[in-house]
Amino acid sequence: MSEAADVLIEMANSVPNVEPQQINKTHKRKNPPRTNTAIKKQRRKKKVKQSEYPSIPEMPTTMRDRIEEMGGYEINLVIQKQLTDTDLNKNEGRLSMPKKKLAFDFTTEEERNLLSQQENKNKKGINVMIMNNMVEDIRSICLKKWKIGSGNGDVYCLMTQWNAFVEETGLKSGQHIQLWCFRKDYEFEPPRLCFAVVRLN
Numbered sequence: 005m006s007e008a009a010d011v012l013i014e015m016a017n018s019v020p021n022v023e024p025q026q027i028n029k030t031h032k033r034k035n036p037p038r039t040n041t042a043i044k045k046q047r048r049k050k051k052v053k054q055s056e057y058p059s060i061p062e063m064p065t066t067m068r069d070r071i072e073e074m075g076g077y078e079i080n081l082v083i084q085k086q087l088t089d090t091d092l093n094k095n096e097g098r099l100s101m102p103k104k105k106l107a108f109d110f111t112t113e114e115e116r117n118l119l120s121q122q123e124n125k126n127k128k129g130i131n132v133m134i135m136n137n138m139v140e141d142i143r144s145i146c147l148k149k150w151k152i153g154s155g156n157g158d159v160y161c162l163m164t165q166w167n168a169f170v171e172e173t174g175l176k177s178g179q180h181i182q183l184w185c186f187r188k189d190y191e192f193e194p195p196r197l198c199f200a201v202v203r204l205n
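For the sequence shown, the numbering used here begins at 5 and goes up steadily by one.
Keep in mind the hints are simulated off the structure, nothing from the lab. Treat the hints with caution; some may be incorrect.
[As the list claims (entries may be wrong)] Across the chosen pairs, the derived CB separations fall in these ranges:
hint	residue 1	residue 2	range
1	75	112	14 to 20 Å
2	204	117	30 to 36 Å
3	205	70	19 to 25 Å
4	104	128	18 to 24 Å
5	131	151	31 to 37 Å
6	205	144	15 to 21 Å
7	190	66	19 to 25 Å
8	80	190	15 to 21 Å
9	108	152	18 to 24 Å
10	105	79	15 to 21 Å
11	178	74	17 to 23 Å
12	55	138	20 to 26 Å
13	55	189	37 to 43 Å
For every residue, glycine included, the Cβ atom is placed at its ideal position computed from N, Cα and C.
Assemble the whole structure, with the sequences as input and the hints as a guide.
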């Protein structure tokens, strides 16, 4: 019995003393070092602060005169909006106009039916004209109607030549614009839908 007791005492003495603080340290997990990917995710792109323009100005007299001189009529304000990064993204290549935000629905029943049709799995478009109050030129551009996202309803989009129009006119993200519509008669054609962009700031 005495020999067994001596063995137990010797085994007990051989166990090293571990302080509670040291035990906690041995079980504490170190946070893994942040990777470059994690750091990049935290860096959010600065977005232009969205704001409402304080008023709804009338179309500038000079532009209205130009439209009337070229035979334009039925001039109406379509939408007043602040340009977003998406509106000016070259990969997107479009100016979006949510139907529920329009001040005036500019399409005829015939045009709405055409825009609802598909051709080779793509929505059909209408060739319209667009002009700017800073540039004398008027160019052709394509109008289409899409559904973007869920619950957003129909969205009209000016595209195809939109990137060229942006570069030509120097439009910038954050600027407030008005988009006006009017009709113009062409020989042997139905009245053509036209748009005019007015920069407010």
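Cross-check of the supplied hints:
Between residue 75 and residue 112, the C-beta spacing of about 18 Å keeps the proposed range 14 to 20 Å intact. The hinted window of 30 to 36 Å between residue 204 and residue 117 holds, with their beta carbons roughly 34 Å apart. Evaluation of the 19 to 25 Å hint for residue 205 and residue 70 yields a pass: the beta carbon distance comes to about 21 Å. The beta-carbon spacing between residue 104 and residue 128, approximately 22 Å, falls within the hinted interval of 18 to 24 Å.
Take residue 131 and residue 151: their Cβ atoms lie about 22 Å apart, and the range 31 to 37 Å is violated. The supplied range of 15 to 21 Å is broken by residue 205 and residue 144, whose beta-carbon atoms lie about 27 Å from each other. Evaluation of the 19 to 25 Å hint for residue 190 and residue 66 yields a pass: the beta carbon distance comes to about 24 Å. Residue 80 and residue 190 have their C-beta atoms about 19 Å apart, which keeps the hinted 15 to 21 Å range intact.
Checked against the given bound of 18 to 24 Å, the beta carbons of residue 108 and residue 152, roughly 20 Å apart, stay inside it. A beta carbon spacing of about 19 Å between residue 105 and residue 79 agrees with the range 15 to 21 Å that was offered as a hint. The supplied range of 17 to 23 Å is broken by residue 178 and residue 74, whose beta-carbon atoms lie about 31 Å from each other. For residue 55 and residue 138, the Cβ-Cβ distance of about 22 Å falls inside the hinted range of 20 to 26 Å, so the restraint holds.
Look at residue 55 against residue 189: about 39 Å separates their beta carbons, and that is inside 37 to 43 Å.
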